[in-house]
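S.K.: Protein sequence lines correspond, in order, to chains Z and W. So the first sequence is numbered by my numbering: it starts at 29 and just counts up by one. So the second sequence is numbered by my numbering: it starts at 29 and just counts up by one.
Think of the hints as simulated: they come from the structure by calculation, not from any bench. All values derive from a computational prediction rather than experimental measurement. You can trust all of the hints, since none of them are fake.
If chains are identical, the list can't say which one is meant, so a pair holds when it fits in one copy or spans any two.
Here are the simulated lysine to any residue pairs, SDA-like style, with alpha carbons at most 25 Å apart:
1. Lys252 with Gly223
2. Lys252 with Ala221
3. Lys193 with Arg107
4. Lys193 with Leu210
5. Lys193 with Gln182
6. Lys193 with Arg41
7. Lys253 with Gln214
8. Lys193 with Ala183
There are 2 protein chains.
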Amino acid sequence: MTETQVSTRASRRNGRAVVLLSGGLDSAVTMAIARGAGLECFALSFRYGQRHAVELDSARAIAERFGAVEHAVADINLRLFGGSALTDDIDVPKGRSADEMAGSIPVTYVPARNIIFLSYALGLAEVKGCGSIYIGVNALDYSGYPDCRPAFIQAYAEMARLGTKTGVEGAPFAIETPLIDLTKAQIIQRGAALGVPFELTHSCYDPTETGEHCGQCDSCLLRKKGFHEANVTDPTRYRTL
Amino acid sequence: MTETQVSTRASRRNGRAVVLLSGGLDSAVTMAIARGAGLECFALSFRYGQRHAVELDSARAIAERFGAVEHAVADINLRLFGGSALTDDIDVPKGRSADEMAGSIPVTYVPARNIIFLSYALGLAEVKGCGSIYIGVNALDYSGYPDCRPAFIQAYAEMARLGTKTGVEGAPFAIETPLIDLTKAQIIQRGAALGVPFELTHSCYDPTETGEHCGQCDSCLLRKKGFHEANVTDPTRYRTL
Numbered sequence: 029m030t031e032t033q034v035s036t037r038a039s040r041r042n043g044r045a046v047v048l049l050s051g052g053l054d055s056a057v058t059m060a061i062a063r064g065a066g067l068e069c070f071a072l073s074f075r076y077g078q079r080h081a082v083e084l085d086s087a088r089a090i091a092e093r094f095g096a097v098e099h100a101v102a103d104i105n106l107r108l109f110g111g112s113a114l115t116d117d118i119d120v121p122k123g124r125s126a127d128e129m130a131g132s133i134p135v136t137y138v139p140a141r142n143i144i145f146l147s148y149a150l151g152l153a154e155v156k157g158c159g160s161i162y163i164g165v166n167a168l169d170y171s172g173y174p175d176c177r178p179a180f181i182q183a184y185a186e187m188a189r190l191g192t193k194t195g196v197e198g199a200p201f202a203i204e205t206p207l208i209d210l211t212k213a214q215i216i217q218r219g220a221a222l223g224v225p226f227e228l229t230h231s232c233y234d235p236t237e238t239g240e241h242c243g244q245c246d247s248c249l250l251r252k253k254g255f256h257e258a259n260v261t262d263p264t265r266y267r268t269l
Numbered sequence: 029m030t031e032t033q034v035s036t037r038a039s040r041r042n043g044r045a046v047v048l049l050s051g052g053l054d055s056a057v058t059m060a061i062a063r064g065a066g067l068e069c070f071a072l073s074f075r076y077g078q079r080h081a082v083e084l085d086s087a088r089a090i091a092e093r094f095g096a097v098e099h100a101v102a103d104i105n106l107r108l109f110g111g112s113a114l115t116d117d118i119d120v121p122k123g124r125s126a127d128e129m130a131g132s133i134p135v136t137y138v139p140a141r142n143i144i145f146l147s148y149a150l151g152l153a154e155v156k157g158c159g160s161i162y163i164g165v166n167a168l169d170y171s172g173y174p175d176c177r178p179a180f181i182q183a184y185a186e187m188a189r190l191g192t193k194t195g196v197e198g199a200p201f202a203i204e205t206p207l208i209d210l211t212k213a214q215i216i217q218r219g220a221a222l223g224v225p226f227e228l229t230h231s232c233y234d235p236t237e238t239g240e241h242c243g244q245c246d247s248c249l250l251r252k253k254g255f256h257e258a259n260v261t262d263p264t265r266y267r268t269l
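Please construct the entire structure, taking both the sequences and the accompanying hints into account.
M.R.: So this is what it looks like as structure tokens:
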């Protein structure tokens with residue numbers, strides 16, 4: 029292989045990213061950041077037995093708006109495991125204060141979810157020649173989730189380096205977490221500056237059938253508080269009680 | 029929580045394992061080893077766009093023979109990625125010598141496959157209260173696969189410790205690889221001693237429609253050579269040419 033070929037392959041890798049796109053606010057801002065860095069983006073979403081599919085409609089709209097090269101939706105079966113309010117019949121908690129949310133692992137924790145998501149992203153990155161994987165995890169508002177912390181992300185990247193053809197051949201994948209240290213308000217400000225169409229994003233754990241946010245689950249409460257603190261107009265359609 | 033409860037939970041974790049069961053010879057021996065250690069086993073297989081489904085019939089038969097508590101089959105979509113002779117339309121190599129197989133990553137490498145398999149196993153282990161995950165990877169005969177090496181397994185276990193509720197709460201998952209240092213002949217001898225019904229296992233990358241082994245792909249050649257070197261009768265139905 030000539031030097032030119034090597035450098036072409038490297039630049040293609042470095043110029044391409046897989047972006048995990050849930051349809052939520054955080055992943056939309058993550059997508060905007062990756063596109064803002066000039067990367068060709070391969071969006072990846074999952075149909076994983078969520079109790080509501082409106083998230084995937086949001087993901088499709090965001091992928092299209094930001095000109096993703098492709099948007100893959102992987103069917104995966106986390107209901108196989110049960111054990112979480114997001115895939116099982118456990119009640120979603122409502123009306124909790126920030127203090128109540130903090131300090132414990134929430135019932136909305138899905139075992140190994142981000143680990144599974146990242147693993148699909150890794151396979152896709154290897155096949156598509158992407159040098160990085162963008163994931164919108166956040167260690168502040170979601171401090172209860174072990175798979176949103178920097179130490180986990182670092183360990184994941186090391187495992188990926190050792191466990192893939194591309195990694196062992198000397199070109200490890202970067203796991204990019206541009207939101208990890210930001211508050212929800214900072215994420216919203218960053219998204220506003222990058223023109224993220226927040227009205228297309230979906231955060232609610234318990235939406236109405238017409239896709240309105242409940243306004244009371246942890247995710248809605250963090251979203252509302254974020255817009256308020258960011259001093260950005262909140263375009264979300266909350267359910268009117 | 030009382031001390032009794034803690035110790036009950038710990039012993040249940042330690043007495044239970046998830047076993048990744050492909051239907052191949054190696055995973056069948058792995059299952060026999062886990063059962064031989066007195067563990068309650070939760071078998072886990074995947075329908076991942078293999079070109080042949082006969083593997084899953086083998087997995088079911090092995091799970092039943094060894095009295096697995098449950099046998100889960102997860103539908104996953106590795107065809108989403110393409111890029112491997114096992115899921116795509118690339119020709120499976122035939123008639124290669126051991127030297128030709130060694131030293132390079134084979135076209136049958138599926139990007140991130142073991143990483144994805146282990147991640148599902150991890151989710152299942154967390155939900156079912158299993159303390160360990162058994163996987164029949166082997167670093168000798170499959171030296172070309174980066175995700176079969178001890179350094180990768182160790183990195184995976186560390187990532188799993190940091191990325192799961194159970195792990196961060198102080199009870200990491202053990203990733204058990206009882207075959208990792210064994211030759212195929214040693215694996216077969218071990219299996220023979222544990223009563224593994226080899227005739228139920230399936231190794232071939234390119235079987236006939238009636239489930240006969242082709243006898244010529246890398247996997248068949250390793251299998252044949254293994255039985256020969258182990259001095260164990262080979263019950264495999266190879267295609268008659």
